[in-house]
Amino acid sequence: MRYTEKDFEIIYHATYPVLSKYVFRKTRRLEDGQDLLQDLYYALYKHMMKVEAPIENPQAYLIRMADNALFHYYKAKSISEVTLLDKDDGIDLIPDDFELESDVLDHVSVVRIWGEIEKIGEPDRSILIARYRFEMNYPEISKQFKLPETTVKSKVYKALETLKEKFSK
Amino acid sequence: MNNLKKSVKQNAYNEDELLSKLYQRAQSDGLRSQWVKPQKESFMKKRTLWFIGLVTVVVLGVLVANSGTWFNDKSNITVATISIDINPSFELSVNEDCDVISIEALNADAQTIDTSSLIGLPIGKAVNDLVDLVSDAGFIDLIDMEDDFVVVTKYLEDGTSETIMDKLDLQIKDQIRDGSALQSVNVIELKASIAEKMEAEGKDVPIGLYILHGMVSTPDGTVLSAKEFFAKEGNLEAVMKQTRAQITTVNQAKIRERIEVGLGKLESNGEDATELRTRLENASEEDMLRIQSEIKAQLNAQEGNGNPDNGTDDSGNPDSGNPDSGSSGKGDTGGQSSGSSGGGSGS
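Going down the list, the protein sequences come from chains A and B. So the first sequence is numbered by this note's numbering: it starts at 1 and just counts up by one. So the second sequence is numbered by this note's numbering: it starts at 1 and just counts up by one.
Only chain A is shown next, with the shape it has when bound in the complex (with noise of 0.2 Å):
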């Protein structure tokens, strides 16, 4: 059995939402996380041209491809998993319900918003893809980032406000 191109690209969806959430979850950089992904499917790809058998459990391949190419990725950039030392923001007072306040953004088109999103720097830029890309609660990203939930609020709060502010004008 030989794959064809449209073989590829159903097991890229199938497999898309867990793989993409687990290397963002390894990776630093918003950049080096899409290109490893890219890097990962790209070797799936020519994979898949070249082989007869069938792969039977394509998600995990590709997960243990990661896990390969991330330690290469930790090496190369001299990275290793240390808890990031933040200190608290200081911002006592958050309304629960601050993130409703984002709808204010809808009068900005996406493209904006992005590029003012890209300026904000890291972790904050990762915290926010986070919960606005992967859809992550408080304690998951608090989990990840290895922050207190109080600070990963107090950072998308921060966000929001700026972004509110740079539109209001």
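The hints are simulated quantities; they were obtained by calculation from the structure and are not laboratory data. Take every hint as true, because none was put in to throw you off.
Listed below are the simulated DSSO-like cross-link pairs for lysine-lysine, each with C-alpha atoms no more than 30 Å apart in a straight line:
1. B/K9 / A/K164
2. A/K119 / B/K9
3. B/K6 / A/K158
4. A/K143 / A/K26
5. B/K125 / B/K191
6. B/K5 / A/K26
7. B/K241 / B/K167
8. B/K21 / A/K6
All figures in this text were calculated on a predicted structure; none of them were measured in a lab.
Starting from the known structure of chain A, arrange chain B on it as the hints suggest.
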């Protein structure tokens, strides 16, 4: 969904955008045209296929009733792949009998070698004969005193029994022991996982070299040929410490043979090699390696540094067509040889 969420979803890990970039990359690498095309079937063709299917079922029924051998022909199915890196680099696919069914050249140098005579051979013999072909093509010299390295990386296709790996190991080891070409080189045997294989393919690096480079630090990320890799001081020792690598160095008989050739060259250049010959008579392996180094040094001194005709180290690009361009680290090769155990295997 508000614009903030839309913005993040569209720009971070966008599924369709990444797929589109991947296809562009495949297009520019010339890969998209290489896929097997799915067939569009016309109604007539479907009817014909249905009829053929019916006939086939009837025929199969007759055959099954009369013979048990129809379903056992797996002679063209790849169950394992053996990657050979020297420079050049090849990939040999084998069936469940461990016979070679296809060979792929992985770089430009490999494409210059006709490997059609190896198809159908048992894998051990094929690897030995391949090394001979590579030597005939001038990429390595089996009788000079430069150490040559052949990296043999094995991996099984998904679902293949481990007994196939055992068969591969046995056949290749037999040839390392008895094959005329493999006896003359240092062989590094590795086993790769499918994940590593796919990753190496993604980076366009032969799998054996990919694993080796993962064992040592290469800050600039350059991928060296097997010879260049082991010419670097410390690399052979680093690989020897890895339990996943099995190294078989050139056996004593072949070292002695190489020394004889070197002595002949010295004498033809007017040098008196009596003392060296006397020492060679009862030399241990360690002594032979020392004698080999001395002969190399004398030959290099006679003909000048950096002369490719001396068989100095190859520092050429893995993908270049000239295997003997320039020299680097002449002393390194002597160091590697003296640390190895001829005819034995270390891991």
